[in-house]
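The residues making up each chain are set out below.
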Amino acid sequence: MQPSVSIRNLKLDFGAIQVLKDLNLDIGKGEFLVLLGSSGCGKSTLLNCIAGLLEPTDGSIFINGDNVTWAEPSERGIGMVFQSYALYPQMTVKGNLSFGLKNARVPKDEIERRVARAADILQIGPLLGRKPAALSGGQRQRVAIGRALVRDVEVFLFDEPLSNLDAKLRAELRVELKRLHNNLGNTMIYVTHDQVEAMTLADRIAIMKGGLVMQLGSPAEIYGRPAKKYVADFIGSPSMNFLPGKLRAGPVVDVAGQSIPLDAYDFTRKGLEGDVWFGIRPEHVATGEAAAACPVSYELKAELVKPMGAETLVWSSIEGTPFRFRMDGHAQVAAGDILRVGFDPVRASLFDTVEELRV
Amino acid sequence: MADQTAPAPSRGIAEAVGPRPRRALSVRNIVIYGILALLSVYYLLPIWVMIMTSLKGMPEIQMGNIFAPPVELTFEPWIRAWSSVCTGLTCEGISTGFLNSVIITVPSVVLSIAVASVNGYALSLWRFRGANVFFTILIIGAFIPYQVMIYPIVIILREIGLYGDLAGLVLVHTVFGMPILTLLFRNDFYSVPEELFMAARIDGAGFWTIFLKIMAPMALPMFVVAVILQSTAIWNDFLFGVIFSTPQNYPMTVQLNNIVNSVQGVREYNVNMAATLLSGLVPLTIYLVSGKLFVRGIAAGAVKG
Numbered sequence: 001m002q003p004s005v006s007i008r009n010l011k012l013d014f015g016a017i018q019v020l021k022d023l024n025l026d027i028g029k030g031e032f033l034v035l036l037g038s039s040g041c042g043k044s045t046l047l048n049c050i051a052g053l054l055e056p057t058d059g060s061i062f063i064n065g066d067n068v069t070w071a072e073p074s075e076r077g078i079g080m081v082f083q084s085y086a087l088y089p090q091m092t093v094k095g096n097l098s099f100g101l102k103n104a105r106v107p108k109d110e111i112e113r114r115v116a117r118a119a120d121i122l123q124i125g126p127l128l129g130r131k132p133a134a135l136s137g138g139q140r141q142r143v144a145i146g147r148a149l150v151r152d153v154e155v156f157l158f159d160e161p162l163s164n165l166d167a168k169l170r171a172e173l174r175v176e177l178k179r180l181h182n183n184l185g186n187t188m189i190y191v192t193h194d195q196v197e198a199m200t201l202a203d204r205i206a207i208m209k210g211g212l213v214m215q216l217g218s219p220a221e222i223y224g225r226p227a228k229k230y231v232a233d234f235i236g237s238p239s240m241n242f243l244p245g246k247l248r249a250g251p252v253v254d255v256a257g258q259s260i261p262l263d264a265y266d267f268t269r270k271g272l273e274g275d276v277w278f279g280i281r282p283e284h285v286a287t288g289e290a291a292a293a294c295p296v297s298y299e300l301k302a303e304l305v306k307p308m309g310a311e312t313l314v315w316s317s318i319e320g321t322p323f324r325f326r327m328d329g330h331a332q333v334a335a336g337d338i339l340r341v342g343f344d345p346v347r348a349s350l351f352d353t354v355e356e357l358r359v
Numbered sequence: 001m002a003d004q005t006a007p008a009p010s011r012g013i014a015e016a017v018g019p020r021p022r023r024a025l026s027v028r029n030i031v032i033y034g035i036l037a038l039l040s041v042y043y044l045l046p047i048w049v050m051i052m053t054s055l056k057g058m059p060e061i062q063m064g065n066i067f068a069p070p071v072e073l074t075f076e077p078w079i080r081a082w083s084s085v086c087t088g089l090t091c092e093g094i095s096t097g098f099l100n101s102v103i104i105t106v107p108s109v110v111l112s113i114a115v116a117s118v119n120g121y122a123l124s125l126w127r128f129r130g131a132n133v134f135f136t137i138l139i140i141g142a143f144i145p146y147q148v149m150i151y152p153i154v155i156i157l158r159e160i161g162l163y164g165d166l167a168g169l170v171l172v173h174t175v176f177g178m179p180i181l182t183l184l185f186r187n188d189f190y191s192v193p194e195e196l197f198m199a200a201r202i203d204g205a206g207f208w209t210i211f212l213k214i215m216a217p218m219a220l221p222m223f224v225v226a227v228i229l230q231s232t233a234i235w236n237d238f239l240f241g242v243i244f245s246t247p248q249n250y251p252m253t254v255q256l257n258n259i260v261n262s263v264q265g266v267r268e269y270n271v272n273m274a275a276t277l278l279s280g281l282v283p284l285t286i287y288l289v290s291g292k293l294f295v296r297g298i299a300a301g302a303v304k305g
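These protein sequences, in sequence, are chains A and B. Heads up: the first sequence runs through residues 1 to 359, numbered per full-length UniProt numbering. Heads up: the second sequence runs through residues 1 to 305, numbered per full-length UniProt numbering.
Rather than coming from a laboratory, the hints here were simulated on the basis of the structure. Built from N, CA and C at the ideal position, the CB exists for glycine as well. Treat the hints with care, since some could be wrong.
No more than 27 Å apart at the CA atoms, straight line, and that leaves these computed lysine-lysine pairs for DSSO-like [what the hints assert, rightly or not]:
| hint | chain 1 | residue 1 | chain 2 | residue 2 |
| --- | --- | --- | --- | --- |
| 1 | A | K102 | B | K213 |
| 2 | A | K94 | A | K131 |
| 3 | B | K292 | A | K29 |
| 4 | B | K292 | B | K213 |
| 5 | B | K292 | A | K108 |
| 6 | A | K306 | A | K270 |
| 7 | A | K131 | B | K292 |
| 8 | B | K213 | A | K94 |
| 9 | A | K178 | A | K29 |
| 10 | A | K108 | A | K131 |
| 11 | A | K306 | A | K168 |
Across the chosen pairs, the derived CB separations fall in these ranges [unchecked claim]:
| hint | chain 1 | residue 1 | chain 2 | residue 2 | range |
| --- | --- | --- | --- | --- | --- |
| 12 | A | Q90 | B | I103 | 32 to 40 Å |
| 13 | B | I103 | A | E110 | 45 to 53 Å |
| 14 | B | I137 | A | N9 | 47 to 55 Å |
| 15 | B | L288 | A | Q90 | 22 to 30 Å |
A few chain B residues facing chain A, derived, Cβ under 10 Å [claimed, not checked]:
| hint | residue |
| --- | --- |
| 16 | G130 |
| 17 | A131 |
| 18 | G141 |
| 19 | P145 |
| 20 | I202 |
| 21 | K213 |
| 22 | I214 |
| 23 | L220 |
| 24 | P221 |
| 25 | V224 |
Full structure from sequences and hints, please.
Okay, structure coming up:
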């Protein structure tokens with residue numbers, strides 16, 4: 001099938017700084033793709049390139065099979081929602097929604113129809129006569145989404161649209177966005193630095209760093225089988241524990257004085273030996289009786305205990321390497337307690353120490 | 001907690017409750033209001049003298065007592081200043097100058113603001129190649145003394161056939177208003193969130209649509225400030241008025257000078273004062289009417305959400 005948005009060898013330099021480096025990406029029709037990365041990774045820059053707000057130094061962008069690299073933003077068949085909502089302050093909600101259509105000389109009754117439809121979908125009908133200043137943050141963001149909606153376009157671009165909202169509203173609008181995507185079936189490209197947002201919304205996530213896509217995959221893939229140590233470290237909170245180990249034939253990995261058998265581990269690259277990082281997520285560490293039943297277990301001293309309500313996070317260390325794990329919220333632990341922790345190496349992720357790629 | 005009694009009113013900080021008491025007559029207030037009153041008198045006294053003098057006949061003025069109110073109230077000096085005092089070769093009062101000033105000021109203000117606002121908009125949002133160099137040159141222009149440029153401008157205007165023409169004077173005012181106005185508008189448009197501009201571009205708005213429909217309405221307070229700055233500056237201008245216009249086109253300020261500095265006959269102080277007040281009336285009215293808007297425009301950057 002023809003991809004909805006296709007990015008070919010895209011490069012963008014700001015002076016001597018390379019923001020995007022030879023980037024390739026294909027986004028399927030109706031797909032919800034999240035560009036995830038820490039600030040400065042080039043995710044917003046990439047989105048602005050797709051929107052046509054920034055001109056790439058090299059490479060091309062295709063939307064629906066058309067080369068739009070040199071096209072004006074309004075001619076690309078995209079709608080965009082910004083972090084700061086970017087509503088026109090002196091226009092009413094209705095004025096905001098219809099501004100783009102008026103510029104495109106859409107007939108009046110057609111404008112009315114589309115505005116009514118968008119207002120209906122987003123439940124902002126009663127707000128049409130108000131100015132943005134008289135709206136709450138959530139309502140403003142809805143209007144901003146509406147402005148993209150009325151354009152009747154194939155591709156929606158979101159630039160951290162929920163970052164300015166409080167936690168509760170963010171969670172609500174997240175659900176709404178997901179529902180909107182299910183109902184409309186548009187292609188959506190969504191930039192965020194919030195991994196919860198990425199995990200819950202995305203069909204696929206592109207983890208970006210330094211102008212490159214580190215890994216592109218479904219949330220489950222990104223979480224379960226991170227391709228790089230950076231990705232493994234970036235996704236999950238608190239992040240994955242990395243213990244230095246030595247991989248040898250068997251396959252067995254020696255970690256902190258124990259030989260861990262890797263018979264069940266799903267190798268990406270077989271036959272590798274030598275120094276590796278042994279990564280295990282805090283939530284995959286068992287404690288107490290469950291730990292004793294695990295193939296691998298250690299005795300650790302709790303150094304710091306962080307009760308979170310539903311669960312308790314414990315900071316500890318194995319042979320000087322920090323080690324974090326989660327416990328049930330009911331567990332009675334205090335700093336200084338000795339605990340038995342264990343894990344199943346099937347859930348671990350191994351990375352070589354040179355290129356830090358998955359083993 | 002429940003059985004605690006309310007503490008007795010006391011000046012102790014430990015018992016502080018509710019708003020902090022403020023005394024009307026403190027040393028601080030006396031000093032502040034005293035200084036303010038003194039300064040007001042200092043600034044208002046000359047105006048008082050002018051108004052009083054303009055309402056007196058010449059015999060009364062010659063007796064001295066410049067601070068005293070008129071014994072015999074007369075509006076004759078005002079009428080004479082407006083319609084019959086000699087302003088050089090003609091003796092038609094400064095009413096002709098008033099008209100000339102309006103004819104010079106209105107197009108100059110409109111033109112300079114129209115051009116400068118577009119300049120500022122282009123420089124801040126459509127950062128074209130060399131925009132910064134252009135802006136730097138424009139700002140340097142603001143620091144070059146007018147006197148340096150007068151002679152070249154005279155020649156330029158002569159060459160393009162506008163010397164002595166009101167259009168030429170309007171052009172000069174427009175050009176000289178450019179640096180400061182452009183700076184004003186550029187900085188105002190810089191404070192507009194860039195995403196708003198991006199959103200408008202995605203909505204298919206071009207250079208002029210974005211300016212007219214989105215940016216200009218947002219910059220309304222800045223337009224008010226610009227109108228005040230330009231209209232008072234151009235109305236009060238003397239230098240360009242005397243150089244670039246001919247006697248029948250002289251603005252009010254030049255005519256006022258001719259009245260006050262005339263060396264023939266008796267000095268009619270009352271007429272001079274009346275003429276001065278008349279020529280100051282327009283800027284004064286603008287300040288009084290738009291003072292609030294002016295402050296709002298200056299402070300607009302702080303409240304823009």
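The hints, checked one at a time:
| no. | hint | in the structure |
| --- | --- | --- |
| 1 | A:K102 - B:K213 | 12 Å, holds |
| 2 | A:K94 - A:K131 | 9 Å, holds |
| 3 | B:K292 - A:K29 | 55 Å, violated |
| 4 | B:K292 - B:K213 | 25 Å, holds |
| 5 | B:K292 - A:K108 | 40 Å, violated |
| 6 | A:K306 - A:K270 | 39 Å, violated |
| 7 | A:K131 - B:K292 | 24 Å, holds |
| 8 | B:K213 - A:K94 | 15 Å, holds |
| 9 | A:K178 - A:K29 | 16 Å, holds |
| 10 | A:K108 - A:K131 | 21 Å, holds |
| 11 | A:K306 - A:K168 | 23 Å, holds |
| 12 | A:Q90 - B:I103: 32 to 40 Å | 33 Å, holds |
| 13 | B:I103 - A:E110: 45 to 53 Å | 49 Å, holds |
| 14 | B:I137 - A:N9: 47 to 55 Å | 39 Å, violated |
| 15 | B:L288 - A:Q90: 22 to 30 Å | 27 Å, holds |
| 16 | G130 | 16 Å, violated |
| 17 | A131 | 16 Å, violated |
| 18 | G141 | 29 Å, violated |
| 19 | P145 | 38 Å, violated |
| 20 | I202 | 5 Å, holds |
| 21 | K213 | 7 Å, holds |
| 22 | I214 | 5 Å, holds |
| 23 | L220 | 8 Å, holds |
| 24 | P221 | 12 Å, violated |
| 25 | V224 | 15 Å, violated |
The structure does not agree with the numbered hints 3, 5, 6, 14, 16, 17, 18, 19, 24 and 25 stated previously, though it agrees with the rest.
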